[in-house]
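Chemist: Based on the provided sequences and hints, a complete structural model is requested.
These are the residues of each chain, in order.
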Amino acid sequence: MISSNRPLSPHLQVYRPQITSMLSILHRLTGVALAFGTLLLTYWLVAAASGPEAFAGAQDVIGSFIGRLLLFGWSFALFYHLCNGIRHLVWDAGYGFEIETAQRSGLIVVGASVLLTLVSWVAGYIMMGGA
Amino acid sequence: MSLRSPLGRVRGLGSAKDGTGHWWAQRLTALALVPLTIWFCISVIAMTGADYAAVVNWIGSPLVAGLLVLLVAATFYHATLGLQVVIEDYVHGEMTKIVLLLAVKALAIVLALSAILSVLTLLFTRA
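Residue numbers (numbering that gives the first Met the number 0), protein chains in the order written: chain A, 0 to 130; chain B, 0 to 126.
It is worth saying that the hints were derived from the structure and are not from the lab. Please note that the accuracy of each hint is not assured.
Heads up, incomplete: computed chain B residues facing chain A, CB under 8 Å, no partners named [stated by the list, open to error]:
hint: 1; residue: Thr-19
hint: 2; residue: Leu-27
hint: 3; residue: Leu-30
hint: 4; residue: Ser-113
According to the in silico footprint, chain B covers these stretches of chain A (three or more CB under 8 Å from chain B) [said to hold, decoys possible]:
hint: 5; segment: 76-85
hint: 6; segment: 102-111
FRET-style restraints, in silico, Cβ to Cβ [claimed, not checked]:
hint: 7; chain 1: A; residue 1: Arg-67; chain 2: B; residue 2: Ser-1; range: 53 to 59 Å
hint: 8; chain 1: B; residue 1: Val-109; chain 2: A; residue 2: Arg-15; range: 21 to 27 Å
hint: 9; chain 1: A; residue 1: Glu-99; chain 2: B; residue 2: Arg-3; range: 39 to 45 Å
hint: 10; chain 1: B; residue 1: Ala-24; chain 2: A; residue 2: Tyr-124; range: 36 to 42 Å
hint: 11; chain 1: B; residue 1: Ser-113; chain 2: A; residue 2: Asp-59; range: 32 to 38 Å
hint: 12; chain 1: A; residue 1: Gln-12; chain 2: B; residue 2: Ser-113; range: 35 to 41 Å
Built from N, CA and C at the ideal position, the CB exists for glycine as well.
Modeler: So, in structure tokens, the structure goes:
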């Protein structure tokens, strides 16, 4: 079949890495990661509806070292995907396509998502009384 | 060259018979998820360390339950649309692609339903 040899989109390996393309790929990666993160959201809600023992079990899983590590990764993925998603919506409205603007908005998105992640975790630990 | 008129092609919604439906649904759910996600993150951070009664009471209050159902619905819809594009881009075997697309949709429906029914359970059993 001739058609099976056609190059299909997105062909990642042939381009020189640039901030705009790297952030585009990161948007996709964080999106897929967050799709798996919906398992945690569902688990948390189902545990809450199942009763105090199930909820305590879920809190133990989420509060464990691995649980916190996953949650930290997902929180960054969520904030990055949220900020970069807003950047995408601005593009959809027809603004911000100049190369310099796109590079600057990319850096702002990275800075904002790192900041939001750190602020959230500091706020969370303060809520727990520094535990 | 196509013998169909531009109007005929527009009415047929293109080769996928879907027009811009997928693209538009992804943007609309994205737009809805911006305020819903920010609200959810702030709420969860504010509840860090809260006990079972406080969490259940929060989920089961009418306004919160309604927003949670919207959050869950928009999240799973948005995630399914996104995963669909990723699968269509990178999975080239026709059979594998169809199986994966159907599996993602089925799983999303099961998870979304479980999450929504949990919220409704807490809404209707709140003391």
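Chemist: Compare the structure with each hint and give your call.
Modeler: Verification of the hints:
no. : hint                             : in the structure
1   : Thr-19                           : violated, 11 Å
2   : Leu-27                           : violated, 11 Å
3   : Leu-30                           : holds, 7 Å
4   : Ser-113                          : holds, 6 Å
5   : 76-85                            : holds (count 4)
6   : 102-111                          : violated (count 0)
7   : A/Arg-67 x B/Ser-1: 53 to 59 Å   : holds, 57 Å
8   : B/Val-109 x A/Arg-15: 21 to 27 Å : violated, 42 Å
9   : A/Glu-99 x B/Arg-3: 39 to 45 Å   : holds, 42 Å
10  : B/Ala-24 x A/Tyr-124: 36 to 42 Å : holds, 38 Å
11  : B/Ser-113 x A/Asp-59: 32 to 38 Å : violated, 20 Å
12  : A/Gln-12 x B/Ser-113: 35 to 41 Å : holds, 39 Å
Of the numbered hints stated above, those contradicted by the structure are hints 1, 2, 6, 8 and 11, listed in ascending order.
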